[in-house]
Amino acid sequence: MPSMTTRKTTWRAPSVLPGFGLTFGFSLAWLSLIVLIPLSMLFIKSAGMGWQAFVDVGFSERALTAYRLSFGTALAAAFVNAVFGLLVAWVLVRYAFPGKRVISALVDLPFALPTAVAGIALTALYAPSGWVGQYLDPLGIKVAFTPIGITVALVFIGLPFVVRSVEPVLADLGKDVEEAAATLGAGRAQTFARVIFPAILPALFTGFALAFARGVGEYGSVIFISGNMPGKTEIAPLLIVTQLEQYNYDGATAIAMVMMLVSFAVLFTLNAVQSIRRRRLGA
Amino acid sequence: MNAGILNRRLFLSMAAASALAVSLAGCSGGKSGNSVEITNVSYDPTRELYQAVNPAFAAYWKKKTGQDVTFRMSHGGSGKQSRAIIDGLEADVATLALAYDIDVISSKAKLLPADWQKALPDNSSPYTSTIVFLVRKGNPKGIRDWNDLVKPGVQVITPNPKTSGGARWNFLAAWAYGRKAGGSDAAAEAYVKRLFTQVPVLDSGARGATTTFVERGIGDVLLAWENEALLAEKKLGAGKFEIVVPSISILAEPPVAVVAANAKKHGTEAVSKAYLEYLYTPEAQVAIARNFYRPSDPKIAEQFASQFPKLNLTTIDKDFGGWTKAQKTYFDDGGVFDRIYTKK
Amino acid sequence: MTRKTRKVTPGTESRTAQVLLITLALAFLAFFLMLPLIAVFSEALKQGIGPFLDAVANPDAFSAIRLTLIIAAISVPLNMVFGLAASWAITKFSFPGKNLLLTLIDLPFSVSPVVSGLIFVLLFGAQGLLGPWLSAHGVKIIFAVPGIILATVFITFPFVARELIPLMMEQGKEDEEAAVSLGANGWQTFWHVTLPNIRWGLLYGVLLCNARAMGEFGAVSVVSGHIRGETNTMPLHVEILYNEYDFVGAFAVASLLAALALVTLVLKTVLEWRFDLHSGARH
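Residue numbers (the numbering used here), protein chains in the order written: chain A, 2 to 284; chain B, 11 to 354; chain C, 8 to 290.
Certain hints may be false.
Stated by the list, open to error - The following label-pair restraints were derived from C-beta to C-beta distances:
(1) Gly73(A) <-> Thr23(C): 17 to 23 Å
(2) Val178(A) <-> Thr276(C): 26 to 32 Å
(3) Leu31(C) <-> Gly73(A): 24 to 30 Å
(4) Arg281(A) <-> Gln165(B): 56 to 62 Å
(5) Thr276(C) <-> Trp12(A): 51 to 57 Å
(6) Gln77(B) <-> Leu137(C): 32 to 38 Å
(7) Pro308(B) <-> Leu60(C): 44 to 50 Å
(8) Leu137(C) <-> Trp12(A): 30 to 36 Å
Just so you know, the hints here were simulated from the structure itself, not pulled from any lab data.
As the structure is a computational prediction, the values presented were derived from the model and not from experiment.
Even for Gly, the Cβ is constructed at its ideal location relative to N, Cα and C.
Start from the sequences and build out the full structure, keeping to the hints where you can.
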């Protein structure tokens, strides 16, 4: 990168493009106002409770079990979504088939449907007496009120993140590169693995990370289908609500802090990995 | 460049939508001219009740003072509503599921005096209820009393006591039985622990649990407020359920109180007080009974005796040392409920 | 429109592979999206069209719809402006701390909706940091419309930015640099070069942001106060109806919410079509 040589003299690399001060300043101000200042309340509140009390609530046996469940199911759901979300995006961008527009519109549904409604609808489907549950139950497969049910709800919640992150990039990807690869003798699979996949990987990463992060904190849709059994299907956000029910705001913020820091670390790592990858490619 | 202009138009039209909308925001006030507004912050199952009581009180107040009363109603889980009042939801009156939720409004936010429960008769509870069993038609599992709940193969539906006020009443009613049957708190704990092994789902709220039982068809017996059980039996699935009254249960007293500081701020002290007092009048007591709550007026209770069978009731104050103590002992972190689930 | 103009091109998969992939994608969507949606609509229309219309025409439902539209109309443009500014700063310039900034933008996704509401209560509530001061000056934020807007802006904060950043990253900055070197100023470059390139991504972002703003339940539930006809948004109204055992009403309003999202998507399709006519030559 040519900018490397001048980095010492100015904070940002020089560019011919204008508007850095305006856009950066505005972004930072808005970010602080809406996100950082309100979120800092979590730090202030949990700092006030002392380290021991923080650990007692934030790292109790029960909380750790709940974190494992929340992060585990969110990860599983994000993987499912990464695979199938990419497939859906691919099919929507590349192929023509009847009803495509309707399908495309449906992908946004999980955002529009209130999470509680999604939870109720999914529970109605997967409960042992439900439309789907009645066929699964005799096979010994229990979905509702188990971690599988939680994962199903999180797949529903997270799907649009992957599809909508990948779709614009896929649509924008010029076919000429692929065609060039094909003319040079690359097979379809090879073209996909070598040309297309690297190009959409950042977007896929983004979608995966967002679906994961969203899943970890999800409450509204999950409480209906999870069953809320302590130690088994008790998700971390439910513990926060439990703390609030005891008027223990400190305890609630402690659990919220732990969850947020882990999610932050995951997102940060993903962003960093991506930018390293990009630098390597761009060089 | 045609596309550029169109782009700009698209961009501007997306942004402009907001300007129109901002002007639509409304505003609200407490008292103005010859009308007055009461904000009643209540818990979930009282909707139908206050829908019946509010117009009647408005007519009564209009006749008495010439003033028009309008109501702002807020319903939700009792604990959540209590927290909202503490955090600044300006309720004139609080009508919640348990005294503890109003106690904390007094202790944490000092919005009403500590002895608020003495302001009105019957522990400030114009209506009471109790915990009963709702079973499926014909009572296929033959459930008659608490000991039948822990028989093998019986599934019990109750919400989570950590998040639901109603579930705490259920828990304490079961405890009262266990203590009476076994003679000690240790026996009670053993009983309740066994009971909870028969619970397949812990919904976060009482109405969620009812839905699980009624709509999802899960479980053999639902532990519920009597008023909720009656509502489910009569309205939700007429002829599909039966109520079983156990040998012992707990007197559930959902209290009402004027949130003094807010009423003072809004200038609604007189009307708020009159509103709550009105709940004790024969008219309101009939509406209460019709909405399946037990009326506190003995004469009205007599009229509806067939609806509310007599049973042996323990009370929170006499048998559990009051809500503050019960909450700490049984439901707070590290309390009995947590112990039941952690010690396998 | 990129997708439509590339309907049939050489170098794609064999027809069999296409059909296979489409079937797989549709099966996945049917299971995870269509079934819940069908469940919602069938519940809503369980007792025929009459009770459905009654539920929708109810004055409380009407005020909930109005409030939801107002909230979306305020919060979406705010986040759109932010999204444009942030992605310009992030993708057109290189500066240290970019990954941190990216991750901070994602942060609202990783915070549980329950906590997103809670932080505003901690900040503006009567027991909160600014609560006493606000109360003394007669300013109501929490349990009123401003609080709901703040929570919604927080929840939908990353959507537009997240949609644009991967896209603009992929596109690079050569086009803009060329425009500037030809003498265009910043605004001209943005209007004539950047915006046409990103408009579909922007539209997606805005639509997602809008869908989520209308459907948000958890965070709004914490700051709303649930006052009938006043601070109940549509998702909250759904919960209220559900808790009144008015299942038909609850699912009717929920399906209306889903329909609203579909309307915005129809709008998108119409826009795409119009732009296609006028700027078909671009690609």
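Evaluated hints:
About 37 Å separates the C-beta atoms of Gly73(A) and Thr23(C), a value inconsistent with the hinted range of 17 to 23 Å. One distance hint, 26 to 32 Å for the beta-carbon pair Val178(A) and Thr276(C), holds here, with the actual separation near 28 Å. Judged by the Cβ atoms, the range 24 to 30 Å given for Leu31(C) and Gly73(A) holds: they are separated by roughly 26 Å. For the pair Arg281(A) and Gln165(B), the beta carbons lie near 58 Å from each other, so the given range of 56 to 62 Å is met.
Between Thr276(C) and Trp12(A) the beta carbons are some 44 Å apart, a value that contradicts the proposed interval 51 to 57 Å. In this structure, Gln77(B) and Leu137(C) meet the distance hint of 32 to 38 Å, their C-beta atoms being roughly 35 Å apart. The hint said 44 to 50 Å for the Cβ distance between Pro308(B) and Leu60(C), and at roughly 45 Å that hint holds. The hinted range of 30 to 36 Å is satisfied by Leu137(C) and Trp12(A), whose Cβ atoms lie roughly 33 Å apart.
Figure legend: structure checked against the earlier numbered hints; hints not met, in rising order: 1 and 5.
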